[in-house]
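Visitor: Going down the list, the sequences are from chains A and B. Under my numbering, the first residue of the first sequence carries the number 1, and numbering increases by one thereafter. Under my numbering, the first residue of the second sequence carries the number 1, and numbering increases by one thereafter.
To be clear, the hints were calculated from the coordinates, so they are not data collected in a lab. Do not take every clue at face value.
As the list claims (entries may be wrong) - Derived DEER-like restraints, expressed as beta-carbon distance ranges:
1) B/547 x A/62: 38 to 44 Å
2) B/736 x A/115: 39 to 45 Å
3) B/736 x A/133: 37 to 43 Å
4) A/115 x B/422: 48 to 54 Å
5) B/761 x A/115: 17 to 23 Å
From the three backbone atoms N, C-alpha and C, an ideal C-beta is built for every residue, glycine too.
This is what each chain is made of:
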Amino acid sequence: MSARVGVITFPGSLDDRDAARAVRLADAEPVSLWHAEGDLLGVDAVILPGGFSYGDYLRAGAIARFAPLMEKLVAAARDGLPVLGICNGFQVLCESHLLPGALTRNVGLHFVCRAQRLRIENVETAWTSDYEEGQEVVIPVKNMDGCYVADEETLEELESSGRIVARYLDVNPNGSLNDIAGICNEAGNVVGLMPHPEHAVEALTGTSTEGLGFFTSVVKKLVHA
Amino acid sequence: MSEQNIDEKGLEPTGAGSAEAATEPTPVRPVEVDSVARAAQTPELPLPYAELGMKDDEYARVREILGRRPTSAELAIYSVMWSEHCSYKSSRVHLRQFGDKAPQSDALLVGMGENAGVVDVGNGWAVTFKIESHNHPSYVEPYQGAATGVGGIVRDILSMGARPVAVMDSLRFGPPDAPDTRRVLDGVVSGVGGYGNCLGLPNIGGEVVFDDCYAANPLVNALCVGVLKPEDIKRAIAPGPGNKVILFGAGTGPDGIGGASVLASATFDEESQAKRPSVQVGDPFMEKLLTECCMEIFAEDLVVGIQDLGAAGVSCATTELSAAGTGGMDIDLNKVPLRDATLRPEEILMSESQERMMAVVEPAKVERFLEVCAKWDVPATVIGEVTDTGRLRMTWHGETIVDIPPGTAADEGPVYERPYEVPADLAQLQADGPGRLPRPATAEDLRNTVLWLVGSPNLADKSFVTSQYDRFVLGNTVLATPEDAGLIRIGDGPQGIALATDGNGRYARLDPYAGAQLALSEAYRNVATTGARPLAVTNCLNFGSPEDPGVMWQFARAVEGLADACQVLGVPVTGGNVSFYNQTGTTPINPTPVIGVLGVHDDVNRRVPMSFIVEGTTLLLLGETRPEFGGSEWAHVVFQHLGGLPPRVDLAAEAALASVLVAGAHEGVLNAAHDLSDGGLSQSLVESCLRGGLGCVIDLPDDPFTELFSESVARAVVAVYPEHEERVTALAQAAGVPVRRLGTVGGDAFEVQGLFSIPLSELREVHQGALPALFG
Chain A
1 MSARVGVITF PGSLDDRDAA RAVRLADAEP VSLWHAEGDL LGVDAVILPG
51 GFSYGDYLRA GAIARFAPLM EKLVAAARDG LPVLGICNGF QVLCESHLLP
101 GALTRNVGLH FVCRAQRLRI ENVETAWTSD YEEGQEVVIP VKNMDGCYVA
151 DEETLEELES SGRIVARYLD VNPNGSLNDI AGICNEAGNV VGLMPHPEHA
201 VEALTGTSTE GLGFFTSVVK KLVHA
Chain B
1 MSEQNIDEKG LEPTGAGSAE AATEPTPVRP VEVDSVARAA QTPELPLPYA
51 ELGMKDDEYA RVREILGRRP TSAELAIYSV MWSEHCSYKS SRVHLRQFGD
101 KAPQSDALLV GMGENAGVVD VGNGWAVTFK IESHNHPSYV EPYQGAATGV
151 GGIVRDILSM GARPVAVMDS LRFGPPDAPD TRRVLDGVVS GVGGYGNCLG
201 LPNIGGEVVF DDCYAANPLV NALCVGVLKP EDIKRAIAPG PGNKVILFGA
251 GTGPDGIGGA SVLASATFDE ESQAKRPSVQ VGDPFMEKLL TECCMEIFAE
301 DLVVGIQDLG AAGVSCATTE LSAAGTGGMD IDLNKVPLRD ATLRPEEILM
351 SESQERMMAV VEPAKVERFL EVCAKWDVPA TVIGEVTDTG RLRMTWHGET
401 IVDIPPGTAA DEGPVYERPY EVPADLAQLQ ADGPGRLPRP ATAEDLRNTV
451 LWLVGSPNLA DKSFVTSQYD RFVLGNTVLA TPEDAGLIRI GDGPQGIALA
501 TDGNGRYARL DPYAGAQLAL SEAYRNVATT GARPLAVTNC LNFGSPEDPG
551 VMWQFARAVE GLADACQVLG VPVTGGNVSF YNQTGTTPIN PTPVIGVLGV
601 HDDVNRRVPM SFIVEGTTLL LLGETRPEFG GSEWAHVVFQ HLGGLPPRVD
651 LAAEAALASV LVAGAHEGVL NAAHDLSDGG LSQSLVESCL RGGLGCVIDL
701 PDDPFTELFS ESVARAVVAV YPEHEERVTA LAQAAGVPVR RLGTVGGDAF
751 EVQGLFSIPL SELREVHQGA LPALFG
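The following block holds chain B by itself, in its conformation from the complex (with noise of 0.2 Å):
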């Protein structure tokens, strides 16, 4: 029996039965119910409310809700959808931002609150994406909660009525070579790989990042991305009396019991190993012959509405479903099809059993949704009905175990103002810029930061991680990592979908407000590099622990940078994810918030890729670059210094970028393009000539340290045909982006004239020979 099993943790009050309980080998005969009508007649009845993660006075609201005590099975709903990770209670006060600031926008056909949020992307086709946070579980088990964190993302796009075509995923691990980063390395990868690849869906990007701050709490962020049309959106909703609620997919089992209220909102500490029974456990194929099941039940137009089983399982489903329905439900617990006979009650609420859906359907359209369930092997069970009676009721063994309005449990959980006040050594950090660090002197100082950077963890090649994902499942995707962004066919094309993902902790850290926009300007840029015009944003954000007021300070801060962002560049957020509690002991992580942006592609036989690939095409430099090192790889790779500003944030420049790049690759001029960002122009210029094969010769006339390094915002490299250089020079005048010619494309080496050469043999030993020589 794992440590977080109901039972064990006094869950059934307190002496009733329970060492009669313990003495009774074979557990099938029930113990006494808790009932509504046993609560009644208990009032005083103390319940474990505390050890669920509830406060005083929530427990207090939940009676005054009730009039009564709550049954250990409604307990045990509250619990869980009052958690941090279901009710969002710290972080709710904050997120109204991104709806009141929403820019305008036709796109967007479901915004925040679903499961996910759906854009017009034009031609009758919508895009529904998303992505969410799996940290502490790939922590405690890496394969399991990374996978696990794939399979539930993929279902959130799953009930929106869409089938799933691409995932993605963020990934940030602790220092490369402790020992520990390994072990968490190795079973996240295998992870996301084992469950994404057996799903069928191509993996198309995302980041693999290292930092002491991960060392004991890993992010590990997936994302989603699913294709459908406007007229099939699927709602999670009840509605209609007498329509039948039927669960279908795996068995509820004792997996992930509790995970929600205690393993998304506990500190690590030296119990973690204790934890392991409550991370889930994934079945990536019955997730497989999910998704085709429901695109049978969709496309036949069989069910009202849908919902997935996440955090919080059959309470969460209920809750929501009846909430935003007609209101009332009536389920029959013992219908639940278990895999573990001996679950009580309260266990089924909690479990978090993973590749389960709950769909509510049409009396007539049972028998068809069965058949369908039938054709594909999955279990299907109708387990109650939606009712008018404004409650949620559940019975076991006859007896009614949990009658309570539904919205008190899904819509009306606590809401927090928590205190916040900016971190205490915020000042000092910032004051401790990073123009003391010292700088290459030499032209062969200069060549060995460039190698420097490139076999550094972070800007090092990746294929040793992405080499572990099918790319070409589906047979759509028209460009995947290392490129800017993830590019998919979607139709019989030419129209596409553009993603990125990208997040900078070091430059949160440094200014919250700026780091969560600098995280958006990369993403945006990112997709506008490849041609896409970026269109809608999702956001997985990663901070501490919400009760520290200098976090809660970060991520105030952040959600209003990002929301202001947003508004500036009229790309609205659709949805997202918070994860709070992510610390060691009282040390949080860097606040990082990891921004997701969808763009659209009229024709992705457009798509501008990042390789240099023809000799003697002409370098421009797009974008004006300042001396900009504070929060740089520069100086956390050579110094492991971490001090002063992050770059200025501009997003006019960046939208005047992104029209210059979406326009050029319209007319076709750009024969190559590369985003910079970390590592600076270096680092951008030797993964396209290594990507390509071919070398470059560039001319530096200003610093070339600033000109190598800097992580200035709003910049990309092109490399276009000579004959197209002036048009592309026009349209960068036209847009006031500043436009530079900096050499060529050819050789086979990486030259700065002047200063030096490296041989991309040289380059490329150093950039791929990295992560396979810590981690293969």
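Isolated chain A (complex conformation) (with noise of 0.2 Å):
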């Protein structure tokens, strides 16, 4: 029976049929979940897509964050369900405190659509561990508020620890403190990050297929567990 991967559609979610897209490509079943409802349907893991849920009204993700289905994914992965923010799903799963730190307005003030190359650093997460370490990929940014911040304290941990998922190489495009790309939470399960390698799983229509990994990564964890 293949794995069972959840995407949440919040009112302004852009990239959810994207998401649901690659999860098929990494052979795995996508299941719509609606943010206003109060249950996770069973699912094996959760994506939440990139866009610009509620508008990014009030501040990104700050309003998402309070929808029902958040109350249960919460505490699904605090006991280890694999959850990965893409984009807005990052900055909802900062404002849930699921991982630390906070996206704020790209340097440039500017929307940034590019082709972007990254750095994998951490293999070991739900989401990576189909990469080689240091693996370099090519992912496309989309980002409006993308600068992730936190503070020193943070930032050491987040560095001593290994939990830098991804960093940026060659361009900064948002201003991120020491490039970060992407973080992992200390259980590994729960990953946020900006690049959107929904959008790198078909040569036809992304800039590689170099972010499918993300995706055949869970899958695989999933069907070994």
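Take the two lone chains, each set in its own frame, and fit them into one complex as the hints suggest.
Guide: Next comes the structure, spelled out in structure tokens:
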């Protein structure tokens, strides 16, 4: 039986169908989850997709955090459910305190969309085990509020415990501290990533197929669990 | 309160208690309503029709239609519906040619006149697309003007029953070094991006052009394309007496009041700043909810008719829906949900608040309709119902304030045969050809000219702009700018659609008939260059004041040229938009028809990109190069010269070239292809080299200046594997397209043998550095 990976749709989510496509290409079954429901439908993992949930009003991710389904998700994540937050999903995870720090306005003050080179630095997480440590991949980045910030202590903690999952190479597109593109929680089941691996799963439409690893990683983990 | 507020404009009949209203601090208490009954009792009460942009004879016609003076609410409706923007009163007599000369096409499912045209692209899919202007609002308030331009065209596509799948934007600004250009460009680009990105639509192409003539009148033309099943097409009709009229989406506020008649039809002057409040404010989040809500509503077949609210808001939706349906409608205006409870009925009728739609729903389906709206947090309210009375009636606090035959407002507006004559300076302009301009004499001069052009604002890399747009969302973007055309996969593939927009105001200034055809030619060529078969056309006609006979002549010639060329190329016009009054004082912009062409790709895996990526591939030049420099980038950049005649139009050659490119893509024998247009061969090769990261070595046996910089039409450069050279040559020869071996892809420089070599690094710096240096 294939793994069932939930994709949450908030009002204003944009990349939910792309995330579902990526799940399918990783040979798993995508399951649509509606923000207003109170049930995770027994899925084996969850993706919080990119977009502008609630129009990014107040602050990116700040309102989505209070969606009924998020209460269930936070509890499940603390119990080890694999969760990947992409872009706006990363912002929601930070707002939910499943991940430390925050994502603020890009330093250039412009929306930035580009093919971005990254280095995968932690291959122990639920979502990166299919990569090799130090592997370089090209994945689109596209965001308005992608500048990762945290206090010095938190940064130090993230660095020393190997919780930087991916780092920008060549160009830091948004001013993130320490070139951080993605981080994980202590247990490694919750990953937040600013670039969009779901836009790098098909050679025809993506910058590469190098984003597929995030999805195959979790599927393998679930199948072998 | 805004300057455009109707009360301040004195729409309330003069002397009717306005002094009392002015001293009333809380305007909740309704002032006396100008009801139909009151209008009958006070037949001679003067109304401020002139301030609303209505001519004496137009007002007289309203009186004649109604057999009495209109109420102030009725006047509001007629004034916006008969404005240039909504009624096409100056352009209509000319636009008929698009229908009269339309080529026979089995693909056309919905033609002009609806919110957008629909074409059948095969395999059970249909596509709807349209381009529309939002020029004047974008000068007054660049961010919101551009943002709501995107929002408006997306709702047009939505109201056809389609899921919007991509947008494009065709932008024109004043001189890049003028301080105001920075204000306008920053705002417009942020607005296009801010709205489109938040809406989740990939931006796959468009144009960014700079010219002095757009300094105080930028052009913001937004295109949207949507996909649907042919059987799911929705129409803007209100049939079936008893069916409910539902207004859904955002609340109605005071924004954009009078926008249609005042903003879109007035020339800018010193008072522009005072018009700020009449620009609408967009909320892309609401539009995203509206989109998903509509998708569910369509999937459950819950509407019999639907219309978006754009220019002229409720006035437009109610009159057009009922005129195209059973013919009557009763509306209770008090039911319209308001963001500002003090709005008067006239303001509600004219408000251009964004993100609103109107649906006609059978009574049995109303409950489900409202449930779907509630799921998406989209406010929805039943405000009336369809009748068979032939009258559009509206009440306000129980009194009838509108009672009109809707067709008279929607379809029977005034039609003008504006006088036109050749602009007085045209002969002189055409006589002043580029022949007198000194040409680069040495190899060094040629080299410098290549660099000069490559780094000039119109030809420089546009990443500074396009990197602010999401091109990946929805996961179906196969090609996006700077490719020749945007290409979107539809369904699960392999089918796709290609889109390109083009326009050249300088060409059109020199010869509007040819200029419109050249814009079509280029867009047609761009679509074919990716391997797609051109299928249909949309257009956005940006011109000065129709009251200027010279401008009207330009318009008439451009429409004629476009209609004739569409007939020859076999691609019907499916819809479009006219924007008049683009001028500063009495100086009109260069006439700027922007043409969008839609093409079909049978297999997007066989798309042909522009980049040179394979060392050793052979470069072939398709098409004939003539010494044509009138209106060229070379003359513009080097001499700021505009004169002579634009390149000769050759539609037969264009069609032949397209057939070669499409066949070559289909057979898989083209490794790369790039069209030749602004800036000529030099520009085209540099772009393909930089995009792919490989140089090229070419040989130019004839006059290298002409070869490098001429803008002759119907040309493209293709890169082919050596083993395919013969096949491509044969395809070209069979189609009668001249073909010549130019050279080879490879190395890290752009080299013209025996003349010069420019390292890609140098080209890249010049090409990519220009816009960031100006605007970064």
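Visitor: Could you run down the list of hints and mark each one as holding or not?
Guide: Verification of the supplied hints:
The beta-carbon spacing between residue 547 of chain B and residue 62 of chain A, approximately 52 Å, falls outside the hinted interval of 38 to 44 Å. At about 40 Å, the CB distance of residue 736 of chain B to residue 115 of chain A agrees with the hint of 39 to 45 Å. Remark: the range hint 37 to 43 Å for residue 736 of chain B to residue 133 of chain A is contradicted by a beta-carbon distance near 59 Å. Roughly 50 Å separates the CB atoms of residue 115 of chain A and residue 422 of chain B, a value that falls within the hinted 48 to 54 Å.
Taking 17 to 23 Å as the suggested C-beta distance range, the pair residue 761 of chain B and residue 115 of chain A conforms, at roughly 20 Å.
Figure legend: structure checked against the earlier numbered hints; hints not met, in rising order: 1, 3.
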